[in-house]
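Undergrad: Residue numbers (the working numbering), protein chains in the order written: chain F, 1 to 243; chain Z, 1001 to 1243; chain L, 2001 to 2243; chain E, 3001 to 3243; chain Y, 4001 to 4243; chain G, 5001 to 5243.
One or more of the hints may lead you astray.
Each computed BS3-like pair below joins lysine-lysine, with the alpha-carbon atoms no more than 25 angstroms apart [said to hold, decoys possible]:
1. F/Lys-228 - F/Lys-65
2. Y/Lys-4042 - G/Lys-5042
3. Y/Lys-4228 - Y/Lys-4002
4. Y/Lys-4193 - E/Lys-3228
5. G/Lys-5042 - Y/Lys-4232
6. F/Lys-232 - Z/Lys-1002
7. Z/Lys-1002 - F/Lys-222
8. E/Lys-3065 - F/Lys-130
9. G/Lys-5065 - E/Lys-3130
10. E/Lys-3002 - L/Lys-2042
11. L/Lys-2042 - E/Lys-3228
12. L/Lys-2065 - E/Lys-3042
13. F/Lys-130 - F/Lys-232
14. L/Lys-2130 - G/Lys-5065
15. E/Lys-3222 - E/Lys-3002
16. L/Lys-2222 - E/Lys-3042
17. E/Lys-3222 - Y/Lys-4193
18. L/Lys-2002 - L/Lys-2228
19. F/Lys-193 - G/Lys-5228
20. G/Lys-5222 - Y/Lys-4042
21. E/Lys-3193 - Y/Lys-4065
22. Z/Lys-1162 - L/Lys-2065
23. G/Lys-5130 - F/Lys-130
24. Z/Lys-1002 - Z/Lys-1162
In short, the hints are calculated from the structure, not lab data.
The structure presented is a predicted model; accordingly, all values stated were derived computationally and were not measured.
Protein chains: 6
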Amino acid sequence: MKIQLINPNTSADMTNTMAISARATALPSTQIIPSTPEHGPKSIECAFDEAIASAALLDLIEQGKQQNVDAHIIACFGDPALDAARELADAPVIGIAEAAFQMASLISYRFGVVTTLSRTLPASEHLLLKYGHQTHCCSVRATDIPVLALENIDNQAYQLLKTECLAAIEQDGAEAIVLGCAGMSNLVNQLSKELPIPIIDGVTAAVKLAESLHQLGLQTSKTGQYGKRISKPFIGRYAHWAS
Amino acid sequence: MKIQLINPNTSADMTNTMAISARATALPSTQIIPSTPEHGPKSIECAFDEAIASAALLDLIEQGKQQNVDAHIIACFGDPALDAARELADAPVIGIAEAAFQMASLISYRFGVVTTLSRTLPASEHLLLKYGHQTHCCSVRATDIPVLALENIDNQAYQLLKTECLAAIEQDGAEAIVLGCAGMSNLVNQLSKELPIPIIDGVTAAVKLAESLHQLGLQTSKTGQYGKRISKPFIGRYAHWAS
Amino acid sequence: MKIQLINPNTSADMTNTMAISARATALPSTQIIPSTPEHGPKSIECAFDEAIASAALLDLIEQGKQQNVDAHIIACFGDPALDAARELADAPVIGIAEAAFQMASLISYRFGVVTTLSRTLPASEHLLLKYGHQTHCCSVRATDIPVLALENIDNQAYQLLKTECLAAIEQDGAEAIVLGCAGMSNLVNQLSKELPIPIIDGVTAAVKLAESLHQLGLQTSKTGQYGKRISKPFIGRYAHWAS
Amino acid sequence: MKIQLINPNTSADMTNTMAISARATALPSTQIIPSTPEHGPKSIECAFDEAIASAALLDLIEQGKQQNVDAHIIACFGDPALDAARELADAPVIGIAEAAFQMASLISYRFGVVTTLSRTLPASEHLLLKYGHQTHCCSVRATDIPVLALENIDNQAYQLLKTECLAAIEQDGAEAIVLGCAGMSNLVNQLSKELPIPIIDGVTAAVKLAESLHQLGLQTSKTGQYGKRISKPFIGRYAHWAS
Amino acid sequence: MKIQLINPNTSADMTNTMAISARATALPSTQIIPSTPEHGPKSIECAFDEAIASAALLDLIEQGKQQNVDAHIIACFGDPALDAARELADAPVIGIAEAAFQMASLISYRFGVVTTLSRTLPASEHLLLKYGHQTHCCSVRATDIPVLALENIDNQAYQLLKTECLAAIEQDGAEAIVLGCAGMSNLVNQLSKELPIPIIDGVTAAVKLAESLHQLGLQTSKTGQYGKRISKPFIGRYAHWAS
Amino acid sequence: MKIQLINPNTSADMTNTMAISARATALPSTQIIPSTPEHGPKSIECAFDEAIASAALLDLIEQGKQQNVDAHIIACFGDPALDAARELADAPVIGIAEAAFQMASLISYRFGVVTTLSRTLPASEHLLLKYGHQTHCCSVRATDIPVLALENIDNQAYQLLKTECLAAIEQDGAEAIVLGCAGMSNLVNQLSKELPIPIIDGVTAAVKLAESLHQLGLQTSKTGQYGKRISKPFIGRYAHWAS
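Looking at chain F on its own, in the form it has when it is part of the complex (with noise of 0.2 angstroms):
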């Protein structure tokens, strides 16, 4: 099968890194596609980053739609135009926050959330009611690390990262732990060695979970709030959108 993996900051080196954790994880038959937008900003930390890189993503998924591939996974831990890109692809969507949340909620009773900047924990919040999680997690923290930094992360930022986990198990009593952030994909296997509890990352959550609709044949509902959009007028430059 062939996977989207669409990173929706335009900062490749992040592409990147989350595809090697993609390919990692994903089965030999599966083909990783990953994909950067050309317009929007270089890293997503806040509502208005959100906005900003939502219609440059939409470009990608009718890209993947033109390539048939049979899972699109939008790897921004906000899990930004999650279902507008529902309303426009026929194949599965997937975010990697709803991912995570997902696979944490199976292995443990009350999971944590560890992420990048304080200002985005309301969001962090606002998905997990959204989703139905927020009783299974028990400890959304920030680490203050901007996503950009993560790229390279020296031993200082890793150290905080590695601190707010702990925390979350010590003070929060978190049993798993989500990390908030597709640019985490890399510290899964080096933060699990060093942490006694089952630690997350939602990009190769979200590979599995495309794997698995695609091999038990399920697709987006198109009955519904799901449902294909309704043809328009559109201008300027979303005039190619018209129809």
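On the provided structure of chain F, position chains Z, L, E, Y and G as indicated by the hints.
TA: Showing chains Z, L, E, Y and G alone in chain F's frame:
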């Protein structure tokens, strides 16, 4: 004071309609500055339309900021990009759904929402949940009138709208009705005359809340979730946001 | 328009304080009619005080009705007898807690409440739940300053209040502060100058919402929960309500 | 033990009716002291009636306190002034709605409430939310029988009540029925015979809970929310509360 | 009346302890029939223990049924197999956690739970959610005293228990304490003397509720969720249930 | 990898049916080890059946552990003894209801559940609440087909099932259907062909999630709620658990 009234879709006729409503309700000292994007869909009827409209909407917020407006109104019932706009703006930003729900909860115990397409119902329910008004709302109903058909609404469509309002009252116990589309703002007067309960339009409600915040000297808090966005590279058609 | 500003406790000094705040914020065309009950407690600090104050408060609503006021404000942070007053009145009735929560949720993602006595904390939490604002409130803190001490607040008490506001900001992440007592309305200006986030007073917020509803032509819905009370015998000191 | 059975409305006939029910269920060693206010409405059917009845109800609580009763029951389905009464009293205070909901949840998975007027439905729903029993309640239905008509209920009204009970069972899946008015306590026996599920009356339920708390040696906690009220001036018709 | 008091673990000493408490509180006319299973764990401290204990517990319910008991009490704080027991029994079945939460919510606004092992905390929280009492509970604390150590509790363990009760009061605002283990029922008296707030034991609370239901003539509803189990084949060590 | 597929009821025919489904979906490298208990009910249709089935189910988990399986699936829609099994096992344990809800929420906004007997509806609703999926579920419907009748389902029963699926779609707005019984897993293909929306079976969904967790290297967290059970005496027919 100056209020920027943003119609997030590209239909200038709809901008005019809502500007007439807004001016009719505004204080004499309030200047309404209508604003229509140059890019995007002619109407917003699903998550896809909303996602595409968001970036151009933020360009308009920036324009309003340059014009030193005292408040911004996002006049689309999905309150698109509201959090992003609050990060970007210095002045308060008000969504018409949030505004209408607030007014409704002051004058009724249980209100109903009557909106356009069935497929937008979950989006309305999500907003009710997000804002905390779901316990005050007893009815969310669709007319399946497309947004653009509201511009020159014929009698048949009007009767359809009225029928759903009556159903909300009689079957669901609604004590007030929130109209679920900015394009319905010119129908408030007639519906108010013909129905036994208050009818609430978000555009005019938002104008009053914008004036209220201004007179109270209240601005969006910039310390937490709505703090200023972080400077970073942007490329492609969003390169103007780079800093 | 005429707004009846009801202080539900019998302290005329407090009525004066809040009338000054209300007039300072009201439009020039708005007449503020302060109203103090002849029966009841000098301050309202628990459910008992609130229950005793309710009947006299409803006498004042009836008085306002006779004077053809266009809106009634109940200026006590517990919003006592709000539902009953809405049944009795024709014009809208606004509680200052509900008003303050609404304004706070328009300009912050998470607000805090700083109030008087610790024993009123559960009452504030109950109002947040009832109105649906509990998800937007991250902090409810008491200063343990008695209500009447607010009339001539000394520096020590002011510092105590400021300290709790700072704790709400720094420890709980509050992005705006709602002052939890009508008697604090004269402290808004000083606190706003000394603290980095918006400070919201329910009295002035309610004045603006009353003006807003009036200008929108909205009245309390009389069809359901707030429908006119049923005529019936009343005896003893409430015989004047018989009909 | 001595239980004060307070009927918060001024209808002595209704007090007698409920006293008969209470005595029929009480232990031989329990003395039921019926209590009717000298001030207030003849029946309680809306928030206005409830607010007016509250102060006189608290006078009765004080009377009961002087008589050293071991528990107070507030026998009106809205549980008026319950929190205030708990602050005032030393002995436990039990509301009949809370009592009935508790008994219902012990013997059924989902119960229904059948009450008097439609306009009281939101009040019942609010109590269910406040006490936490909303998940156990699958049906809240009104008969639109006025409270006073229950005193000498004719066959037509009885059939109406039975019809709504049956609808709650058959349409809503109710496994037990809570009768939503103290004035229905004399109908429990007949309804229990004619309906296939348990029928619960709050008056008798409250008597049993009052006896239970007494035998367990449990009193209202006076350390927090229900701590003693604060001494302060009261004027006018409530001057007797000054201290 | 006859109440079957089931200790779901196989420790006969613990059955004796709780039978002493139960008898001390029961009416003279109430016969307490203690019941200990012949199969299962010596204490119940996790979901595994609870699952193993359930089948033997249901054998005891059947025994009680043969003895025509008027109520069954399941005296383990996890309320194991409560729904199953209600399906099986004709008489009411009461769990001690549900009973204790009900009594606590009648005499306090916010109560705390102090229990045995930390690992049982999520189970307590789940029960609070299931029964709807989570809003009334402000504190769930573990002492990490093993259940069997309660049989001959030494002073050190008692002090530990008292310390957590005090922390619930002082740090969490608990106004009453629910003891989270049937094995603590003999400590209620001493703790009540030494602590300033009511202490509630589920065993005695359940005895009173069982007597209350009996005197009210209320039985478990057999029409819905608790309807009689369906006849079907059972094999192996459960063949005696076949029918 | 080796997946133990546990049918918690004693019907070997049903075990075979679900094993066929499981093998058809599993990867070639996955070995499905079907497992049927020697003790317990032939079908699980109420809380009583579930409680009796739990201990034998845990014996099977222990067997699987001895066989070094890499995951255990509990293939009964009530997810019986799931928490207990997670405490006992080292490998992940997946319940088919949780698995099906997760898959449904990835491909639909609102899904429906169509199950066997009406009396199991509250159990399904409880699971939705426990797992946090209640906001995504718009419909829970029963067919009143007994579980064992599914083994050789005739056309009449199949039509009944299809009718309820259609009602969920048309009346309740379901965008996907979760089949509420492991015994329905062989009907997925036919229903998927005849209905316009995705049909989800928990058995196959659980197989894919088990494979996913294995490939991600994730195991049940043993630090908190699912930590190893505490050694203690067990007697009678459970003496083999003593340690």
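Undergrad: With reference to the structure, classify each hint as holding or not holding.
TA: Quick rundown of the hints versus the structure:
no.	hint	verdict
1	F/Lys-228 - F/Lys-65	holds, 13 angstroms
2	Y/Lys-4042 - G/Lys-5042	violated, 29 angstroms
3	Y/Lys-4228 - Y/Lys-4002	holds, 22 angstroms
4	Y/Lys-4193 - E/Lys-3228	holds, 21 angstroms
5	G/Lys-5042 - Y/Lys-4232	holds, 7 angstroms
6	F/Lys-232 - Z/Lys-1002	violated, 32 angstroms
7	Z/Lys-1002 - F/Lys-222	violated, 43 angstroms
8	E/Lys-3065 - F/Lys-130	violated, 50 angstroms
9	G/Lys-5065 - E/Lys-3130	violated, 46 angstroms
10	E/Lys-3002 - L/Lys-2042	violated, 34 angstroms
11	L/Lys-2042 - E/Lys-3228	holds, 17 angstroms
12	L/Lys-2065 - E/Lys-3042	holds, 24 angstroms
13	F/Lys-130 - F/Lys-232	violated, 29 angstroms
14	L/Lys-2130 - G/Lys-5065	violated, 50 angstroms
15	E/Lys-3222 - E/Lys-3002	holds, 21 angstroms
16	L/Lys-2222 - E/Lys-3042	holds, 23 angstroms
17	E/Lys-3222 - Y/Lys-4193	holds, 15 angstroms
18	L/Lys-2002 - L/Lys-2228	holds, 22 angstroms
19	F/Lys-193 - G/Lys-5228	holds, 20 angstroms
20	G/Lys-5222 - Y/Lys-4042	holds, 23 angstroms
21	E/Lys-3193 - Y/Lys-4065	holds, 24 angstroms
22	Z/Lys-1162 - L/Lys-2065	violated, 32 angstroms
23	G/Lys-5130 - F/Lys-130	holds, 15 angstroms
24	Z/Lys-1002 - Z/Lys-1162	violated, 34 angstroms
This entry does not satisfy hints 2, 6, 7, 8, 9, 10, 13, 14, 22 and 24, going by the numbered hints stated previously.
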